[in-house]
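**Q** Residue numbers (the working numbering), protein chains in the order written: chain A, 257 to 622; chain B, 139 to 638; chain C, 75 to 442.
It should be emphasised that the hints constitute simulated quantities derived from the structure, not laboratory data.
A few of these clues could be false.
If you want a taste of the chain A side facing chain C, the calculated C-beta under 10 angstroms gives, among others [unchecked claim]:
no., residue
1, Phe386
2, Thr402
3, Val447
4, Val450
5, Val451
6, Val453
7, Lys526
8, Asn539
9, Ile574
10, Leu578
11, Ile584
12, Met591
Quick list of in silico lysine-lysine cross-link-like pairs, DSS-like style, CA-CA up to 25 angstroms [claimed, not checked]:
no., chain 1, residue 1, chain 2, residue 2
13, B, Lys446, A, Lys461
14, C, Lys329, B, Lys502
15, C, Lys294, B, Lys446
Using N, Cα and C, we set each Cβ at its ideal position, and we do this for glycine too.
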Amino acid sequence: MRSLNAAKPKKRLSNSNLLFLIAAVIFVLMYLFAIISYPGSFLQFQTFFDLFNLNAPLIIMTLGLCIVMIVGGIDISIGQVCALVMMACAVLLESGVGSVWGALLLALGIGIAFGLLQGYLIAYLEIQPFIITLAGLFLAKGLLTTLHKDPINVTMPAFVSLVDFKIVIPWLGTENRLGFFIPCEIKPGAVVVVVLVVLLAALMKWTRFGRNVYAVGGNEQSAMMLGINVKRTKFFAYVICGLMAGIAGFVFIMQIGAANVGSAALFELKAIASNIIGGTLLNGGVGNLLGSPIGALTLLIINELIRAAGVQSNFQAIVSGLLLYVFIVLQSVVMSLRGRRKFRIDLPPWLQPPRLQGKRKAENQG
Amino acid sequence: MLSENILKMEGICKAFPGIRALHNVDFALRKGEIHALMGENGAGKSTLIKVITGVYEKDAGRIALNGRPIHFRSPKEAQNSGIGTVYQEIALCPNLTVAENMFVGRGRYAFVQWKRMNEKTTRLLSSLGIPARPTQQLSSCSLAVQQMIAIARAVDMDCRILILDEPTSSLAEDEVRKLFELMRELKSRGVGIIFITHFIEQVYEISDRITVLRNGELIGEYEASSLPQIELVSKMMGKALGDVAKMKKLEPLAPDSGVPVFEATALSSNAGVRPFNFTIQKGEVNGFTGLLGSGRSESARAIFAADKVTGGKVKMNGRRVKISTPLHAMKQGIGYLPEDRKGDGIIAELSVRDNIILALQVMKGFLRPFSQKQAEGFADQYIQSLNIKTPSTNTPVRSLSGGNQQKVILARWLLTHPEYLILDEPTRGIDVGTKVEIQKLVLKLAEDGVSVTFISSEIEEMLRTCSRLIVMKDREIVGELSGMNLTEHDVMQVIAQGGE
Amino acid sequence: MRRLKAQVSHLFLPLSVLVILIIINLIKGADYFSITVVKGALYGNIPNILFGASELVILSIGMALVTAASQGQDIGIGAGATITSAVFVLFVLNAGEVTLLTILAGFLVSCLAGLVIGVFNGILVSVFKVQPMVATLILFMGGRSIAFMIDGRLSPILANDISNQIGTVIPGVPLQTPIILTAVFIAIVAVVLKTTNLRLYVESVGINPSAARLNGIDPKKIIFLTFLIMGICTAVAGFIAVNKAGRHDSVNLLKFIMMDAILAVAIGGNSLGGGKFSITGSIIGAYTIEMLNRTLLRLIDVDPATIPAFKAVFIIILMVVASPVVMDFAAKALRWVRFRADSGTVPETGAPDAAVVSDPDTPAKKEV
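For reference, chain A alone in the conformation it holds in the complex (with noise of 0.2 angstroms):
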């Protein structure tokens, strides 16, 4: 019977993998753009380190945000959640009675705190999304002032060698304008990312809990259903991006050895742009946590390209924008391409493959 031909007959990545497929191809002609473009600056592979050593911070936060996200939620107080662990941290290390450890645990306190306090008026109280997170911004906001207006620099000296410390690489390096050899240095951040990206995506690929974000973020209804505790199971995405704010709080601090009002200023938009880039859609159930690095770095990538151009500080936000823009219009097509279309129930006995069927829907409504 014609209806019951309805496995393609070649293999079809899912929507997830595809994206990431994309993002991680658009990624390594980037950078194989960069190197062609300014073999100086970026053949060196203290570039390539130095992305994920400068930028740690927003990795750590993409990828609590990416789980959220696929989710079917969205978290913006995750900027201003690190920069208050930033300050409160940094305060905490001066006043005297504070240790790295300390620190540690304060900044992981604060960032659990929110996705403690966030998760749960979201699942359980099913309050938008948006908006409790914007009020979480608020109040993060808030506290940071009101906590320390003028930066600080941390003088502590446990903390100081912490910030000094690097992984020296010895056999890998350049040698600088004067002839001397650099080797290549690796600081805490990158590994730690290391670390949370080989956790983080184990978690979503290997764990019920992982299967079951991408449950409820595929039909919320259907996940209730199927005998999922769907608040549950949000309630801790929001843990854990908190989670993932407060660790990127420590991370930076431990970075730059300083903390002020501004710091880690929009970075909830370049967390929920990298996102995106990688493969993440925002309306959830679709995403690949490996892609969110991806999309981070390509991010960066493209600014870094752009300040060695040349191009003023001013032109450089327009640009991301466009270049954003590009990225949007690319997934769209590409997903719509693909027939993506919302669940439908009860359809008649007729419906030809998915494909054709997604692709007349998607036409014909564009």
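We have chain A; now place chains B and C onto it with these hints.
**A** The following block gives chains B and C in isolation, referenced to the frame of chain A:
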């Protein structure tokens, strides 16, 4: 042999704002029995099921499972107690793979074992003859296959009670046979099955007992073997036997000849319909029929330009016209009642009144809204004439039962006074009483000079109302039948021979 | 009568918040409603709120429409208003003599700029099917830089009599000009809603675009239209803002206004997921947010930078109270109390009588 009840419900009550969905309903299910739950839309069948499975909280009454009183607070609890449900709306996640959909939400594992999961799924799918691969994304499977996967999941969960809510609406003939085989197999294993459907023939084919609900109340519980079909229908409709028998005999009219109201030549759309020719006369009732997947709805949609028209020309009353958007079609006097009521038909949160005036309003134009009074007048007129049950004209249309929603959409198009009305599955998922009302309405419209195209999966209905049947196969027209005494057999023959 | 009741009931949220705020203010100082007359114009807490909220009200109206039709939010309105006002300033400063006509012409040119922005966003959302929040992210990121460029990388000063009057008071008129401009705008919107099918079309498209299509409405066109309207709104808001400020600061002009606008729309009872909308609710929501801003400043004598935190707490409390879960719980508790008072006994689990219909506030889990 006396079988114990594995499920017993007594005095169940459930109400929603403005609607009393269930009032004092009893229901019992024996071990190893297939028990059909029947009733018109709005009778309370879906609500009863959702109460059993913990989606809704009952307001009053008692439920006992194997003699022990239970109170499910969530679908998960019901699932864990051995109640498997396959809902009418496919409750699966389209973005997950087939294998994931089989196993997500079950068990106490912390880590996913992909290989084992995929292997287990492959075995299960092949044992049930379902054409899907475990690593395939669910959204790439056809709806029918998705339905079967949902059933396979319930089967795999070793449920003692299986609830099937309208499982056959999207299945082809042979898929229905397979499903019934599966159900009999489960029955022999002692599983109790609650089977909700509108297809009366299927009920008699497979069920042991039948429970009938009407307007939220229990009408009765009967042995299938001792309840004649006509009695069943009358109990569901609440009408006397005599009326029902009378209603079955509706005579189709013969068409006029002359300039056809609508004529299409080599019309094709991007939904895959091959270029077809089509005419309809004034006051004629015709219909598209054919096997599932033959392209009936696509053809109708092409006429209304609901899908993108890719070729052909169209004439209204002999004059060449351009119809490339639904608005063009509407302005030419064509109306279209879509097949997917919930997805394409009703605008759920808008009031009954707004839903009724919508099409006419759009035809009138953006800059000329109806006054409140005018709109109310239109709405009241059709609420009355079509007997639409609604608390008020302001009620959001989603609170109405399926049948009444359908009437609202019908009212919408009748209000535009079309010359040509296309009805795609107007009686699907509708109770028997409303079905007959709609068929009578179609004939009355034809009498008044309106041309109607009637599409239905139930050939019975079409034979009763259409004077000309256009037979389709594999997305093209293979033949035409007309006359007063057509039978299903005639149609089948054309399908079998046509297109060679 | 029933219709009036229905309309008022969905304004419950913003109105009750307003009332609470008024009460809090009155507690702090009973002279809250006092009005002083300075140079023939009215000043005081209430007029100041009306004055301060002008831009927010206008943008909230646009936001309500965009949200209703495309089920998402426009977060680039601050940047958009900055661009349109930059265009306005450029025009006026280069026009030689500054007369009412030049101001008017400048305003119209800035409206044109607003339309261009509307087209840009509208195409992304309606043709390319991009989520509104994502599409407008672009303008958010790059918009202020564009405005800065238009400004010639300066912060141009707009100092002339007419601008001054627009930004504050026209001599002889008792109300501050922005209040009047806002009122005129609201009136125009009301007329448009009454004389066209905008509401019906927008709500239909927002609730079910494919059904709307099959009724002859083109969802693309409607979504596009809402963005065009939003473009006009940003132009008007930018116009008022820059005339108030007297100079064009592309970094700080209407910063964070998109947050307030989204809040105003949400507090106004509109679903952020699209569909039915209430302009009245959004307007009241906007004034409420403004009153909230000022109440916080008035009551808590701390750094204005801390205000966001208190706003946040307030909003959280508000959303918690208004959340469906809490309302459900409150309704059940109320029924329990009522029943207890009536019969003196505690009812069984669930409602005592099947004929008692669940409380109207319960969000319907309806049988479909």
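**Q** Now, for every hint given, state plainly whether the structure supports it.
**A** The hints, checked one at a time:
Because the beta carbon of Phe386 (chain A) sits about 6 angstroms from the nearest beta carbon in chain C, less than 10 angstroms, this interface hint is met. Because the closest C-beta pair between Thr402 (chain A) and chain C is about 5 angstroms apart, less than 10 angstroms, the hint holds. Violation of the interface hint for Val447 (chain A) is found here, the shortest Cβ-Cβ separation to chain C being roughly 30 angstroms, above the 10 angstroms cut-off. Using the Cβ-Cβ criterion of 10 angstroms, the hint placing Val450 (chain A) at the interface with chain C is not satisfied: the shortest such distance is roughly 28 angstroms.
Against a cut-off of 10 angstroms between C-beta atoms, the interface hint on Val451 (chain A) is violated, since the closest Cβ of chain C lies about 30 angstroms away. Hint status for Val453 (chain A) relative to chain C: violated, with the closest Cβ pair at about 24 angstroms, above 10 angstroms. Restraint check, Lys526 (chain A) versus chain C: the minimum CB separation of about 9 angstroms is within 10 angstroms; hint holds. This hint holds: Asn539 (chain A) has a C-beta 7 angstroms from the nearest C-beta of chain C, less than the 10 angstroms allowed.
About 4 angstroms separates the beta-carbon of Ile574 (chain A) from the nearest beta-carbon of chain C, less than 10 angstroms, and the hint is met. Taking 10 angstroms as the C-beta cut-off, the interface hint given for Leu578 (chain A) holds, the closest approach to chain C being about 7 angstroms. Residue-level restraint check for Ile584 (chain A) holds (minimum Cβ-Cβ distance to chain C is 5 angstroms; threshold 10 angstroms). Given hint, Met591 (chain A) at the interface with chain C, holds; its Cβ is 8 angstroms from that chain's nearest Cβ, closer than 10 angstroms.
A threshold of 25 angstroms between alpha carbons decides the hint, and for Lys446 (chain B) with Lys461 (chain A) the separation of about 40 angstroms lies outside it, so the pair is violated. For the hint pairing Lys329 (chain C) with Lys502 (chain B), the CA-to-CA distance comes to about 43 angstroms; that exceeds 25 angstroms, so the pair is violated. The suggested pairing of Lys294 (chain C) with Lys446 (chain B) holds, with an alpha-carbon distance near 15 angstroms, which does not exceed 25 angstroms.
Checked against the numbered hints above, the structure breaks hints 3, 4, 5, 6, 13, 14 and satisfies the rest.
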